[in-house]
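Chemist: Residue numbers (numbering that gives the first Met the number 0), protein chains in the order written: chain A, 0 to 105; chain B, 0 to 175; chain C, 0 to 354; chain D, 0 to 166.
Hints are computed from structural coordinates only; laboratory data are not their basis.
It is possible that part of the hints are untrue.
Covered, in the sense of this in silico footprint (three residues per stretch, anywhere, with C-beta under 8 angstroms from a C-beta of chain D), are these stretches of chain A [unchecked claim]:
no.: 1; stretch: 8-15
no.: 2; stretch: 18-24
no.: 3; stretch: 29-42
no.: 4; stretch: 48-57
We treat Cβ as the ideally placed atom computed from N, Cα and C, and that holds for glycine.
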Amino acid sequence: MITLGDYLMVSGILFAIGFAGVMLRRNLIIIFMSLELMLNAANLSLVAFSRFRVGPTGLPDYNAQVFVFFIITVAAAEVAVGLAILVALYRARQTTDVKDITSLKF
Amino acid sequence: MAITVSRPKLNWRERLYLPAIVAGLAITFKHFKNLLLGRTKVTMQYPEQKWDGNLPDYYRGAPALVRDEDGRVRCVACQLCEFICPPRAIKIIPGEIDSTDRFAKVEKYPEAFDIDMIRCIFCGMCEEVCPEQAIFLRKDYAITGFTRADMVHHKEKLLEIGGVMHGVVLKWNKKK
Amino acid sequence: MTPESFLIITSLLKIVGILFIVILPMVSYAVYAERKVSAAIQDRLGPNRVGPAGLLQPIADMFKLLLKEDFTPRAANTFYYWLAPCLAVMPAIITIAVVPFGSTLFGVPMVIADVNVGILFVFAIASLGVYGIVIGGWASNSKYPFLGGIRSSAQMLSYELSLGLAVIPVFLLVGNLRLTSVVRYQIEHGWFIAPFIGDWTNPWKWLLTIPMIVSFIVFTIAIFAETNRLPFDLPEAEQELAGGYNTEYSSMKFSLYFLGEYAAMITGSAVIVTLFFGGWHLPGIPDGSHGWIFGLINIAVFFAKVAIIIFFFMWVRWTLPRFRYDQLMRLGWLFFFEIALVNIFVVAAIVPFIQ
Amino acid sequence: MSPFLFWIFALLTLIFGAAVVINRNPVASALSLVVSFLGLAALFMSLNAYFIGIIQVLVYAGAVMVLFLFIIMLLNLRAEEARRINWLATAGGVAVALILLGQIFSVISHLKFAQNPFPPLAGLTVDDVRNIGAVLFRNYNLPFQIVGVLVLVATVGVVLLSKREPR
Numbered sequence: 000m001i002t003l004g005d006y007l008m009v010s011g012i013l014f015a016i017g018f019a020g021v022m023l024r025r026n027l028i029i030i031f032m033s034l035e036l037m038l039n040a041a042n043l044s045l046v047a048f049s050r051f052r053v054g055p056t057g058l059p060d061y062n063a064q065v066f067v068f069f070i071i072t073v074a075a076a077e078v079a080v081g082l083a084i085l086v087a088l089y090r091a092r093q094t095t096d097v098k099d100i101t102s103l104k105f
Numbered sequence: 000m001a002i003t004v005s006r007p008k009l010n011w012r013e014r015l016y017l018p019a020i021v022a023g024l025a026i027t028f029k030h031f032k033n034l035l036l037g038r039t040k041v042t043m044q045y046p047e048q049k050w051d052g053n054l055p056d057y058y059r060g061a062p063a064l065v066r067d068e069d070g071r072v073r074c075v076a077c078q079l080c081e082f083i084c085p086p087r088a089i090k091i092i093p094g095e096i097d098s099t100d101r102f103a104k105v106e107k108y109p110e111a112f113d114i115d116m117i118r119c120i121f122c123g124m125c126e127e128v129c130p131e132q133a134i135f136l137r138k139d140y141a142i143t144g145f146t147r148a149d150m151v152h153h154k155e156k157l158l159e160i161g162g163v164m165h166g167v168v169l170k171w172n173k174k175k
Numbered sequence: 000m001t002p003e004s005f006l007i008i009t010s011l012l013k014i015v016g017i018l019f020i021v022i023l024p025m026v027s028y029a030v031y032a033e034r035k036v037s038a039a040i041q042d043r044l045g046p047n048r049v050g051p052a053g054l055l056q057p058i059a060d061m062f063k064l065l066l067k068e069d070f071t072p073r074a075a076n077t078f079y080y081w082l083a084p085c086l087a088v089m090p091a092i093i094t095i096a097v098v099p100f101g102s103t104l105f106g107v108p109m110v111i112a113d114v115n116v117g118i119l120f121v122f123a124i125a126s127l128g129v130y131g132i133v134i135g136g137w138a139s140n141s142k143y144p145f146l147g148g149i150r151s152s153a154q155m156l157s158y159e160l161s162l163g164l165a166v167i168p169v170f171l172l173v174g175n176l177r178l179t180s181v182v183r184y185q186i187e188h189g190w191f192i193a194p195f196i197g198d199w200t201n202p203w204k205w206l207l208t209i210p211m212i213v214s215f216i217v218f219t220i221a222i223f224a225e226t227n228r229l230p231f232d233l234p235e236a237e238q239e240l241a242g243g244y245n246t247e248y249s250s251m252k253f254s255l256y257f258l259g260e261y262a263a264m265i266t267g268s269a270v271i272v273t274l275f276f277g278g279w280h281l282p283g284i285p286d287g288s289h290g291w292i293f294g295l296i297n298i299a300v301f302f303a304k305v306a307i308i309i310f311f312f313m314w315v316r317w318t319l320p321r322f323r324y325d326q327l328m329r330l331g332w333l334f335f336f337e338i339a340l341v342n343i344f345v346v347a348a349i350v351p352f353i354q
Numbered sequence: 000m001s002p003f004l005f006w007i008f009a010l011l012t013l014i015f016g017a018a019v020v021i022n023r024n025p026v027a028s029a030l031s032l033v034v035s036f037l038g039l040a041a042l043f044m045s046l047n048a049y050f051i052g053i054i055q056v057l058v059y060a061g062a063v064m065v066l067f068l069f070i071i072m073l074l075n076l077r078a079e080e081a082r083r084i085n086w087l088a089t090a091g092g093v094a095v096a097l098i099l100l101g102q103i104f105s106v107i108s109h110l111k112f113a114q115n116p117f118p119p120l121a122g123l124t125v126d127d128v129r130n131i132g133a134v135l136f137r138n139y140n141l142p143f144q145i146v147g148v149l150v151l152v153a154t155v156g157v158v159l160l161s162k163r164e165p166r
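Please build the complete structure, drawing on both the sequences and the hints.
Modeler: Put into structure tokens, the structure is as follows:
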């Protein structure tokens, strides 16, 4: 029997993987992907909770799913802006390594 | 000097492009329909239909050696064709004619006469240059073989294609 | 037999039947039809050597491709080089799962999975089709395939917008995203390409026809772009990119790309038929609940309609020249995107008067 | 949803999620992320959230990751050269991630209600597209419009950012 706890565990491990990616990798684009992984781990928890809180009408709690919808929308916008910044940065510096981008001004 | 091409100004109907696209579709559909109805003349269906009957007399096909009315090989192995041949497809080994022979006066005949049909370009130079009118370009054009050796026409093959040529100059028969 | 096992067995039968009896032969004969149609348009006869009228040509082609040398360039990234052709075929075939290809046969609905996110499923899976091309172009490690891959990723992203927006008018009228409900709505209210049929006196239905046709045109053109068919086949432009993303591919891997393109075309046509041409419905023919013979006729009607749309695809391919890349982008972003948006508002304004 | 399928998709998500972090080649990372997202979408569908699951595929796998791949290929990012790994920093990073994981685990294992099975739904199939739409447009109308403005702002921002400066 799969319980809410199992889903939360998967979500937690996924979040930790994303967190490790942000901590360990120096390539900006990989860091960015790890951020997406963390966002999606949060989404999994939200959907699992939504399915767990079934109301008196026998329907899941759609507030959480609407929240996930917002997260996905905003994440898509974030990716577009983030990648545009990355391209601008690459044009200026020819690198995507965070170690080479330490100054605030260039 | 750079030439500036002035582009035509399009009106709104042309700028919409849709009428032009529909007109193009109509043209292609007309062709499609006509072919289905059998109104279009299509190209000849080669292996079933052939040019054979319709080939003009000046057609330059595979070169061939001819015999005269007496059955003598007209070639006297002068090797002019071998020298003129642009792709060097012809190879002749001349041989003496025995003095007891009826045509001993001719002196030479081709012991071997090979034309490599892989190299031959059907230019007709050999026919032009031949002083004896012994080599002619015939109407064969489908020459095939599985090996390179198959594609070399030997003397027997060339004579077989050529056959007997009547009514040309017969200078060797009159004498002797 | 329990309902669950009955469901599983009928689903498997439907998957096997639709895939191996209809889609795959249709794909190989679409290639044959393409050659015949192009030949007819160019006043030629096309393949006519293998079998009567060349009907066995696809089989000969298959043997030829199977027996060709399967060449992998040394500089290629081998794993992704092998993976990419599979990725190119899969999405196109998976998409057919949600399309209703018939009414019912012996009481079993003729759709593999009637999910409530039907059209979103189609878009989601179709958008995965770009990976096969992008990865193939990248893994070949060669200039022209790489350019083809880059082009295709930008092109697919751009045209997915107008693809998604163009069908919203249809679902404004239907009220949910199930493709079976789209077909049912069209049976009751007339096909979306001509909603006035059967309701001749209603002026609003006549008014609705204009935005529906605009919607159909935008959707069809976006499908052309998504399946890399000719006016938009820039990822594989032979003349500029030497074959584009599949330049380095040979043998069965190349033919997988080739089949993937045609499978995508068939599923795209199936979606067009379902959304705008009434799916399996033909006026005057009852559905499968009146006898199994009508169920079979419904399926035949559906695939006949698909075949007509595929002919249209080929017809356009052999008529129009290829776009330039900047023209393609301008057309997608500055033209179809806006038309589809305005179209949604127009239909939304008409909808209250229809119901 | 059978436990078998759940574990298959959960493992798919986690293994390919880890592959995103481990892979040196950015293209391989991006493709691993696509597979991870597909597994995640399957998990969403196992929770009867079909709309969210399909949106996940449509937006993330279909659009966002294609954008990632496009940028990686456009910038021609190669696999990082194997530079000397700073073992101390790596160990530190892994340790911090493990500590976080431990904390999450301990919290979840202390949740008593998390061990209960999922309550049954009203029917086998719930039209969740319609229900989400109703909740979204009735209860969250203003946030929805604000998100719309946000996306517009992001679009304008991206156009400005990616414009080359005139020289």
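Chemist: Hints first: check each against the structure and report whether it holds.
Modeler: We went through each hint and held it up to the structure:
no.	hint	result
1	8-15	holds (count 7)
2	18-24	holds (count 6)
3	29-42	holds (count 8)
4	48-57	holds (count 6)
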